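Asks: Here are the chains, one letter per residue:
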Amino acid sequence: MSVLSVEGLRVRLPTPGGDVTVVDGVDYEVRPSEVFGIAGESGSGKTVSMLALLGLLPERSSVEGSARFGGRELIGMPRRTLRQLSGRDLAMVFQDPYTSLHPMLSVGRQLTEHVRLHLGVDRQAAKRRALELLGDVRIPDPQSALHRFPHQFSGGMRQRLAIAIALACRPRLLIADEPTTALDVTVQAGILRLLDRLRHEHELSVILITHDLGVLSSLADTVSIFYAGRVVESGPREEVLQRPRHPYTKALLDALPHPEAAKEKPLVAIGGVPPAPGRIPPGCAFHPRCAYAVEQCLSVVPRLAAAGDRRLACHVDPFVEP
Amino acid sequence: MSALELHDVVVEYEGRGGRVRAVAGASIAVPAGRIVGLVGESGCGKSTLARAAVGLVPATAGTISFEGRTVTPLKRRTRPAELVRLQLVFQNPYSSLNPRRTVGSQVGDGVRGVARKARVQTLFELVGLPAAAASRYPHEFSGGQRQRVAIARALAADPSVIVLDEPLASLDASAQAQFANLLTSLARELGVGLLLISHDLAIVRHVADDVSVMYLGRIVEVAETQPLWTNPAHPYSEALIAAVPRPDGEGVLPESLPGEVPDPASPPSGCRFHPRCPYAFEPCPREEPLLLPLAGNRAAACWLQEPGATPVQLSRPGVVS
Numbered sequence: 001m002s003v004l005s006v007e008g009l010r011v012r013l014p015t016p017g018g019d020v021t022v023v024d025g026v027d028y029e030v031r032p033s034e035v036f037g038i039a040g041e042s043g044s045g046k047t048v049s050m051l052a053l054l055g056l057l058p059e060r061s062s063v064e065g066s067a068r069f070g071g072r073e074l075i076g077m078p079r080r081t082l083r084q085l086s087g088r089d090l091a092m093v094f095q096d097p098y099t100s101l102h103p104m105l106s107v108g109r110q111l112t113e114h115v116r117l118h119l120g121v122d123r124q125a126a127k128r129r130a131l132e133l134l135g136d137v138r139i140p141d142p143q144s145a146l147h148r149f150p151h152q153f154s155g156g157m158r159q160r161l162a163i164a165i166a167l168a169c170r171p172r173l174l175i176a177d178e179p180t181t182a183l184d185v186t187v188q189a190g191i192l193r194l195l196d197r198l199r200h201e202h203e204l205s206v207i208l209i210t211h212d213l214g215v216l217s218s219l220a221d222t223v224s225i226f227y228a229g230r231v232v233e234s235g236p237r238e239e240v241l242q243r244p245r246h247p248y249t250k251a252l253l254d255a256l257p258h259p260e261a262a263k264e265k266p267l268v269a270i271g272g273v274p275p276a277p278g279r280i281p282p283g284c285a286f287h288p289r290c291a292y293a294v295e296q297c298l299s300v301v302p303r304l305a306a307a308g309d310r311r312l313a314c315h316v317d318p319f320v321e322p
Numbered sequence: 001m002s003a004l005e006l007h008d009v010v011v012e013y014e015g016r017g018g019r020v021r022a023v024a025g026a027s028i029a030v031p032a033g034r035i036v037g038l039v040g041e042s043g044c045g046k047s048t049l050a051r052a053a054v055g056l057v058p059a060t061a062g063t064i065s066f067e068g069r070t071v072t073p074l075k076r077r078t079r080p081a082e083l084v085r086l087q088l089v090f091q092n093p094y095s096s097l098n099p100r101r102t103v104g105s106q107v108g109d110g111v112r113g114v115a116r117k118a119r120v121q122t123l124f125e126l127v128g129l130p131a132a133a134a135s136r137y138p139h140e141f142s143g144g145q146r147q148r149v150a151i152a153r154a155l156a157a158d159p160s161v162i163v164l165d166e167p168l169a170s171l172d173a174s175a176q177a178q179f180a181n182l183l184t185s186l187a188r189e190l191g192v193g194l195l196l197i198s199h200d201l202a203i204v205r206h207v208a209d210d211v212s213v214m215y216l217g218r219i220v221e222v223a224e225t226q227p228l229w230t231n232p233a234h235p236y237s238e239a240l241i242a243a244v245p246r247p248d249g250e251g252v253l254p255e256s257l258p259g260e261v262p263d264p265a266s267p268p269s270g271c272r273f274h275p276r277c278p279y280a281f282e283p284c285p286r287e288e289p290l291l292l293p294l295a296g297n298r299a300a301a302c303w304l305q306e307p308g309a310t311p312v313q314l315s316r317p318g319v320v321s
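Protein chains in written order, with the working numbering: chain A, 1 to 322; chain B, 1 to 321.
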């Protein structure tokens, strides 16, 4: 039984030059207590596909497909109902805690207001819950933290506060969009460990969006690689990252500095640049940058289909093990 | 002798509660043709040190020299011609390029003499951009390409040293890889010395020849990259390395370093790292260790290490070499 099941998600955003397709048929499932990692370059539709679920896209965007969350359909749900749901059962943490926290309200106010709004408890109970949450995310001295303001905390602590607010109503799914990108590695490690502890302790499923395959590898159970608004490869973390089968996944991994690699061995960058939305090549969107492309890749969009231990969208499948 | 040398540099800012020492006596040398990495958490003073190195902020004490000449703080007067060969590339190529001028004309600003157009084209090719890109505007480029334009503009001054402040921070993996390769070729083929400031240890490890590790205004360890990575001599270096998540698919969480960089306005007594150090012992809170040379052309500021001796192997559990 999955917590979230997304099928055929397609998002078109209005731009001055006409509507462009940013997410083009995305399928995935998130299971209970699972960290579902989504990786891809900027512009691959990672964030937009999440905003679509929460109804946070600009007016006049069109969203097609289905996203079932706890037996309810999120796509096409009235805004009011969706707003009640998101924040309570479904929460999101963004990259930049500076902008997602209110600078003029005390931490206590931001935590309790949220709890009172969604759970309808009284002031005292809300305060108890706030203290509990601050302890949960390991903010030192929770009692005094309640009376402080976001600017009095460091970047890492602010991200912990944002996570505390997101967890306030005991959501079943937390969407974390690049939650550690703005942080130092030492602080990032702390946040990754926190997320890992919370999902075990609270039966929380996490969708982790990141461009950092190291982050993905350390926390995610299942990974999904996005390219140009589509999923190109998806499966258990170990299989996908240790034995990538899509040429794009392989190329992304080859571009990283490897601890064991010989020095002076140049990193293998992917030739070309990711296509701009609205200028997605026909066929497999990766074919202009792919060394393995064949005739078919130029015109036929490969379907994401089961391929052994994973799902793969590639006509060639050059790295399949015999 | 190194092209760029900073010796015991102190940089103080006027803060609300008095003077704040962002850099509290740091030395670093960048020889021609070498890539020197400078790493540390945010707030450790690495960007301030970079700015002081090129004269963007005045040093309160210490000496900064470039090719034997003192680097003077930038004022309203034209910078002496000999200091122009020391260049800086900023973190965000979007805010450091003028959005209303073509990139070609911005790169051309730094070119002296005639045949400017031909030189601009050469510079674009050097950084891996098509010559035709010169007539475009910054918004027409991706982040990685813009950072290349910023490099081309620095190269226009025919520099012998370029200081790069977090040049890779906003780039995707593939763009980072391309950029890292470009940096290596600048050093190897053009003989430019690079001071690469970054919090991304994985990339620094890949491109840098030497690394300096900075903590709260001080350099705590200096070593060649490979020995530093496999056998860090300072507990802080060890913690930084252990915190890097590895893309190996093993699902191992990186080690976190408890606590935060303390306020530079009131640094801890003794060794500045001691409140966060898992190895701290009796002398650490009392007396500050000096950066002393160790065997193998390296140096560390830690009471665990014996000056002149082979560095003691640190053994924090969970650290992979």
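In short, the hints are calculated from the structure, not lab data.
Incorrect hints may appear among the rest.
[Said to hold, decoys possible] Below 20 Å or equal to it, Euclidean Cα-Cα: the simulated DMTMM-like pairs (lysine to aspartate or glutamate) are:
1. Lys250/A x Glu239/A
2. Lys265/A x Asp254/A
3. Lys117/B x Glu82/B
4. Lys250/A x Glu201/A
5. Lys75/B x Glu140/B
6. Lys127/A x Asp141/A
7. Lys265/A x Glu67/B
8. Lys265/A x Glu12/B
9. Lys127/A x Glu113/A
10. Lys250/A x Glu250/B
11. Lys250/A x Asp141/A
12. Lys250/A x Asp177/A
13. Lys250/A x Asp248/B
14. Lys250/A x Glu238/A
15. Lys265/A x Asp158/B
16. Lys127/A x Asp221/A
17. Lys250/A x Glu203/A
18. Lys265/A x Glu224/B
19. Lys265/A x Asp248/B
20. Lys75/B x Glu125/B
All of these numbers come straight from a predicted model, not from anything done at the bench.
Asks: Take the hints in turn and mark each one as holding or not.
Replies: Consistency of the hints with the structure:
1. Lys250/A x Glu239/A: Roughly 12 Å separates the two Cα atoms, so the pair holds.
2. Lys265/A x Asp254/A: holds (12 Å)
3. Lys117/B x Glu82/B: violated (23 Å)
4. Lys250/A x Glu201/A: violated (34 Å)
5. Lys75/B x Glu140/B: violated (33 Å)
6. Lys127/A x Asp141/A: The given pair, whose Cα atoms are some 14 Å apart, holds under the 20 Å limit.
7. Lys265/A x Glu67/B: Since the Cα atoms of Lys265/A and Glu67/B sit roughly 31 Å apart, the hinted pair is violated (cutoff 20 Å).
8. Lys265/A x Glu12/B: Answer violated: Lys265/A to Glu12/B is near 41 Å, above 20 Å.
9. Lys127/A x Glu113/A: Status holds; Cα separation ~10 Å.
10. Lys250/A x Glu250/B: holds (16 Å)
11. Lys250/A x Asp141/A: Violated, at roughly 45 Å.
12. Lys250/A x Asp177/A: Violated - the C-alpha atoms of Asp177/A and Lys250/A are around 23 Å apart, more than 20 Å.
13. Lys250/A x Asp248/B: holds (12 Å)
14. Lys250/A x Glu238/A: holds (13 Å)
15. Lys265/A x Asp158/B: violated (27 Å)
16. Lys127/A x Asp221/A: Not satisfied, since the Cα-Cα distance of roughly 34 Å exceeds 20 Å.
17. Lys250/A x Glu203/A: Cα-Cα ~32 Å, so violated.
18. Lys265/A x Glu224/B: The hint holds at about 17 Å.
19. Lys265/A x Asp248/B: With a Cα-Cα distance of about 19 Å, the restraint between Lys265/A and Asp248/B holds, given a limit of 20 Å.
20. Lys75/B x Glu125/B: Violated, at about 33 Å.
Hint violations for this structure: numbers 3, 4, 5, 7, 8, 11, 12, 15, 16, 17 and 20, all remaining hints satisfied.
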